[in-house]
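Colleague: Following UniProt numbering, the numbering of the sequence shown begins with 1 at its first residue and continues without gaps.
No lab work stands behind these hints: they were computed from the structure. Some clues are possibly wrong.
In silico DSS-like cross-links for lysine-lysine, where the CA-CA straight-line distance does not exceed 25 Å [said to hold, decoys possible]:
| no. | residue 1 | residue 2 |
| --- | --- | --- |
| 1 | Lys-58 | Lys-113 |
| 2 | Lys-76 | Lys-43 |
| 3 | Lys-117 | Lys-91 |
| 4 | Lys-76 | Lys-119 |
| 5 | Lys-117 | Lys-19 |
| 6 | Lys-91 | Lys-120 |
| 7 | Lys-120 | Lys-19 |
| 8 | Lys-113 | Lys-43 |
| 9 | Lys-84 | Lys-35 |
| 10 | Lys-91 | Lys-113 |
| 11 | Lys-19 | Lys-43 |
| 12 | Lys-91 | Lys-35 |
| 13 | Lys-23 | Lys-119 |
| 14 | Lys-119 | Lys-35 |
| 15 | Lys-43 | Lys-5 |
| 16 | Lys-43 | Lys-91 |
| 17 | Lys-5 | Lys-84 |
| 18 | Lys-76 | Lys-91 |
| 19 | Lys-58 | Lys-23 |
| 20 | Lys-23 | Lys-91 |
| 21 | Lys-113 | Lys-84 |
| 22 | Lys-76 | Lys-19 |
| 23 | Lys-5 | Lys-91 |
| 24 | Lys-113 | Lys-76 |
| 25 | Lys-35 | Lys-19 |
| 26 | Lys-76 | Lys-120 |
| 27 | Lys-119 | Lys-91 |
| 28 | Lys-113 | Lys-35 |
| 29 | Lys-35 | Lys-120 |
| 30 | Lys-23 | Lys-43 |
| 31 | Lys-84 | Lys-117 |
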Amino acid sequence: MGTIKVENIRVFANHGCLKEETKIGSDYRVDLEIKANLQTSAKTDLLQDTVDYVFLNKVIREEMAQPSYLLETVAKRILNRIFKEDIMVSKATVWVSKINPPIGGDVEMVTIKMSDKRKKQK
């Protein structure tokens, strides 16, 4: 088993419960950690034998582009797509952070962390 991390992906998106948030948008940070068997790719040196982090970044950018009221919804969509589209991923954790949220205080960011693992095939 091994770990791949894609960290500090910066995205501008239109998430939030306030009308202003969805209209003007905000800056976001997304971090992702996946677990997969990396032994084969370590031996073969072939991209097809590993989880492509270009694919992971693409999923994050596409899902962040779809407006949602809650960061939890965005995080779950990211996880669902990763498990659906890459069978090598056995576990994933995603952090979705809203930078400088409009919550009436000096807050650097709020973060939603969500994890999931591949369901056993029956």
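Colleague: If a hint holds in the structure, say so; if it does not, say that too.
Modeller: A quick look at each hint next to the structure:
1. At most 25 Å may separate the alpha-carbon atoms for a hinted pair to count; Lys-58 and Lys-113 meet this at roughly 19 Å.
2. Distance hint between Lys-76 and Lys-43 is unfulfilled; the C-alpha atoms sit about 33 Å from each other, more than 25 Å.
3. A distance of roughly 4 Å separates the Cα atoms of Lys-117 and Lys-91; the hinted pair therefore holds under the 25 Å criterion.
4. Taking the CA atoms of Lys-76 and Lys-119, the gap is about 15 Å. The hint holds against a cut of 25 Å.
5. With a C-alpha separation of about 34 Å, the suggested pair Lys-117 and Lys-19 falls outside the 25 Å cut-off, and the hint is violated.
6. With a C-alpha separation of about 12 Å, the suggested pairing of Lys-91 with Lys-120 holds against the 25 Å cut-off.
7. Between the alpha carbons of Lys-120 and Lys-19 the distance comes to roughly 41 Å, so the proposed pair goes past 25 Å and is violated.
8. Between Lys-113 and Lys-43 the CA atoms are separated by roughly 33 Å; this puts the pair beyond 25 Å, and the hint is violated.
9. Between the alpha carbons of Lys-84 and Lys-35 the distance comes to roughly 15 Å, so the proposed pair stays at or under 25 Å and holds.
10. Restraint check for Lys-91 and Lys-113: the C-alpha separation of about 14 Å stays at or below 25 Å, so the hint holds.
11. Distance restraint check for Lys-19 and Lys-43: the Cα-Cα separation of roughly 51 Å exceeds the 25 Å cut-off, and the hinted pair is therefore not satisfied.
12. A distance of roughly 5 Å separates the Cα atoms of Lys-91 and Lys-35; the hinted pair therefore holds under the 25 Å criterion.
13. Proposed proximity of Lys-23 and Lys-119 is contradicted: the alpha carbons are some 37 Å apart, above 25 Å.
14. Proposed proximity of Lys-119 and Lys-35 is supported: the alpha carbons are some 14 Å apart, at most 25 Å.
15. As the CA atoms of Lys-43 and Lys-5 are separated by approximately 20 Å, the hinted pair is consistent with the 25 Å bound.
16. Annotation: proposed proximity of Lys-43 to Lys-91 holds, straight-line Cα distance about 22 Å (limit 25 Å).
17. With a C-alpha separation of about 19 Å, the suggested pair Lys-5 and Lys-84 falls inside the 25 Å cut-off, and the hint holds.
18. Proposed proximity of Lys-76 and Lys-91 is supported: the alpha carbons are some 13 Å apart, at most 25 Å.
19. With a C-alpha separation of about 24 Å, the suggested pair Lys-58 and Lys-23 falls inside the 25 Å cut-off, and the hint holds.
20. Restraint check: the Cα-Cα separation between Lys-23 and Lys-91 comes to about 34 Å, which exceeds 25 Å; the hinted pair is violated.
21. Proximity of Lys-113 to Lys-84 is assessed by CA-CA distance (about 20 Å); at most 25 Å being required, the pair is judged to hold.
22. With a C-alpha separation of about 22 Å, the suggested pair Lys-76 and Lys-19 falls inside the 25 Å cut-off, and the hint holds.
23. Restraint check for Lys-5 and Lys-91: the C-alpha separation of about 12 Å stays at or below 25 Å, so the hint holds.
24. Of the pairs offered as hints, the one joining Lys-113 and Lys-76 holds, with about 10 Å between alpha carbons and a cut-off of 25 Å not exceeded.
25. For the hint linking Lys-35 to Lys-19, the alpha-carbon distance of about 37 Å lies beyond 25 Å, and the restraint is violated.
26. For the hint pairing Lys-76 with Lys-120, the CA-to-CA distance comes to about 19 Å; that is within 25 Å, so the pair holds.
27. At most 25 Å may separate the alpha-carbon atoms for a hinted pair to count; Lys-119 and Lys-91 meet this at roughly 10 Å.
28. Taking the CA atoms of Lys-113 and Lys-35, the gap is near 16 Å; set against the 25 Å cutoff, the hint holds.
29. This hinted pair checks out: Lys-35 and Lys-120 have alpha carbons roughly 15 Å apart, not beyond 25 Å.
30. At roughly 49 Å between alpha-carbon atoms, Lys-23 and Lys-43 are farther apart than 25 Å, so this suggested pair is violated.
31. Distance check on the hinted pair: Lys-84 and Lys-117 sit about 12 Å apart at the alpha-carbon level, within 25 Å; holds.
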